[in-house]
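Undergrad: Line by line, the protein sequences are chains A and B.
Its first residue numbered 1, the first sequence is counted upward by one per residue in our numbering.
Its first residue numbered 1001, the second sequence is counted upward by one per residue in our numbering.
Treat each hint with caution, since some may be false.
[To be verified] With a Cα cut of at most 30 Å, we get these calculated DSBU-like pairs of lysine-lysine: (1) B/LYS1307 - B/LYS1087; (2) B/LYS1307 - A/LYS39; (3) A/LYS298 - B/LYS1087.
Simulated from the structure, these hints should not be mistaken for lab results.
There are 2 protein chains.
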Amino acid sequence: MRKNYLLTPGPTPLPPQVCEAMARPIIHHRTPQFQAVLKEATEGLKYVYQTKGDVFILASSGTGAMEAAVVNLLSGGDTAITIQGGKFGERWTEICKSYGINTEIIDVEWGKAVLPGEIERRLKANPKIKAVFTTLCETSTGVVNDIAAIGKVVKDTFAALVVDAISGLGAIDLQTDAWFCDVVVSGSQKGLMLPPGLGFISVSQKAWKLIEGSRCPKYYFDLKVAKKALDKTDTPFTPVITLIIALCESLKMIKQDGLDNIFLRHKKMADATRAAMKAIGLDLFASTVASDVVTAVKVPQGIDGEKMVKTMRDTYGVIIAGGQAELKGKVFRIAHMGFIEEFDIIVGISCLEKVLAQMGYKFKLGAGVKAAEEVFLKG
Amino acid sequence: MRKNYLLTPGPTPLPPQVCEAMARPIIHHRTPQFQAVLKEATEGLKYVYQTKGDVFILASSGTGAMEAAVVNLLSGGDTAITIQGGKFGERWTEICKSYGINTEIIDVEWGKAVLPGEIERRLKANPKIKAVFTTLCETSTGVVNDIAAIGKVVKDTFAALVVDAISGLGAIDLQTDAWFCDVVVSGSQKGLMLPPGLGFISVSQKAWKLIEGSRCPKYYFDLKVAKKALDKTDTPFTPVITLIIALCESLKMIKQDGLDNIFLRHKKMADATRAAMKAIGLDLFASTVASDVVTAVKVPQGIDGEKMVKTMRDTYGVIIAGGQAELKGKVFRIAHMGFIEEFDIIVGISCLEKVLAQMGYKFKLGAGVKAAEEVFLKG
């Protein structure tokens, strides 16, 4: 007997309703039956995105949706701002470079959020900048950026504000329209509680104007073609039928709970996790605003971080994430996002305590769980 | 009560083993557990592809894999042959045009196969041609092309032979290595008996050389990056975990049956369907070699083809496909591919007879089913 507890920042655990939907017989995608599904999914996504604009469902991972943002908005030779404060911010730079887009890179120390004032300064210095590529939650560092403040800085310029909300959408607040986000990309395997395989992308009126002028080559990710199809409740190419049907199930759950309650649940879990880490004597990696979807924690001195994560997973079935790229072995990350609730967090902290104790780390056993319980008890 | 029978050329029905696998709790993709899955799936695909070369699993539909073929092999300004004998052949031309590739289009009358001699003539006339884009089974017309003969014509030239085997792989014979196919693309929702959402692409040694010289911009579909990841049993971006786990199930079934038996089953179902159409007095659309995965049939005079397909679907739950693009209303298409066997074909023919009779078409009721039974009885 071996029971698994998934506490990773994507994929997140699947609700039973989603598992059940995935197991259903397949339906054909060029039917009124699937059109009803596509309509329901698209409308539901607009609720989660907090937008009245267009939202498209792509047959790709989140990175495909990021590429769609770049190739639809820009042309080779254009200039865009990218913000490198973690692995996923760097991905924007990489995609831009692949398509011949010049990047004005804002280097941010890993663990810190970008300063909106710095974006403002760069935009003023170079009025040719066509897009600002940002990250809502930098999953690699556990830092959340202040998209609302960035939106205020970008909205009156020529540039489009593009947000990678792959980690975070449906889990923490992101007001696409009210915060002036022109393009928001996301994926299915995080706050939306589905397996990976769907990319999402929203497009504002300002973004559509940029799209009209884009000369980047594209076919599979061409949003103008996607728009024509969606206007007829259709998709340009075969959609990931099963995942879209499952999406309707998770959207139903999200609507039933309500976004505000969901954001509150995530905040509570993040608070509890952070309190627990402090009680165990561990330091957060995020030195500015820590995100409410994943907590990155510094591996204490004398502890082999990779071995710790591996033992939790292979011996006890509690799956958290290690560090990525330059943070490998230096941090571990506990997700509190999607279909995860307070007692899952208790399990994660308890297992962490067990393995740390076994590895000889000195702390008061039970202190982490107690600190988390105190946060949860306050309600 | 309403029971559905899916007889469409993608998606095809799902085996219960696949449905069960789709419903399982999700696992994380950066784990030894998923690495074992990825290895098993990749090895199984090589069996189905009949190749010892590389095969990659992409998080995309089949069209994404087609785009991957174009952007990895070629550079803007290159010239390639495309063959337009149906909607999917035309897609190669469209993708090439999107990336600034010049196309030497071989126009083939819809319903006919391309003549390998014509490809040979074009290759000789223009030695700069870098790729020949072909289609194994043109799903829109029900025609199968002679890829083995085309392979002989292309192999000693500079050009890469690229095959769209989205419809057909795992259902009819395609010998990637023995037929000198350099790049073969496919998708999950046809012969491989899965929901849509995975693209597959094989790469020969000859193709890798072309890939080295490609200057088309790319990121998400970059096969050199995919190769580096796969060498470490990994994927560059989040894979469609659930579908890859389900793929292992369908590959197990395919290996258990054996490719030769599977090809025989498809041939038998196609023969039976064609015999049934003839017995009902209907003509096939394919005027050369009709494919063994889907049969396209001309709608008889006086019958509203779209209404016929709609009635079969909405009144009786038997879902076949209508005509696409210029064939809309002029043909209907019955798939006999994937998890479909003889008695499913009997159901399809019986329902077709019922609706044709109701619509006033004159024929001997039961003649189609009888003709099919005769073919199946011969074994």
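Undergrad: So, for every hint listed, does it hold in this structure?
TA: Right, here's what the structure says about each hint:
1. B/LYS1307 - B/LYS1087: Holds, because 22 Å separates the two Cα atoms, which is no more than 30 Å.
2. B/LYS1307 - A/LYS39: It holds: about 24 Å lies between the C-alpha atoms, which stays within 30 Å.
3. A/LYS298 - B/LYS1087: 55 Å, violated
Checked against the numbered hints given earlier, the structure breaks only hint 3 and satisfies all the rest.
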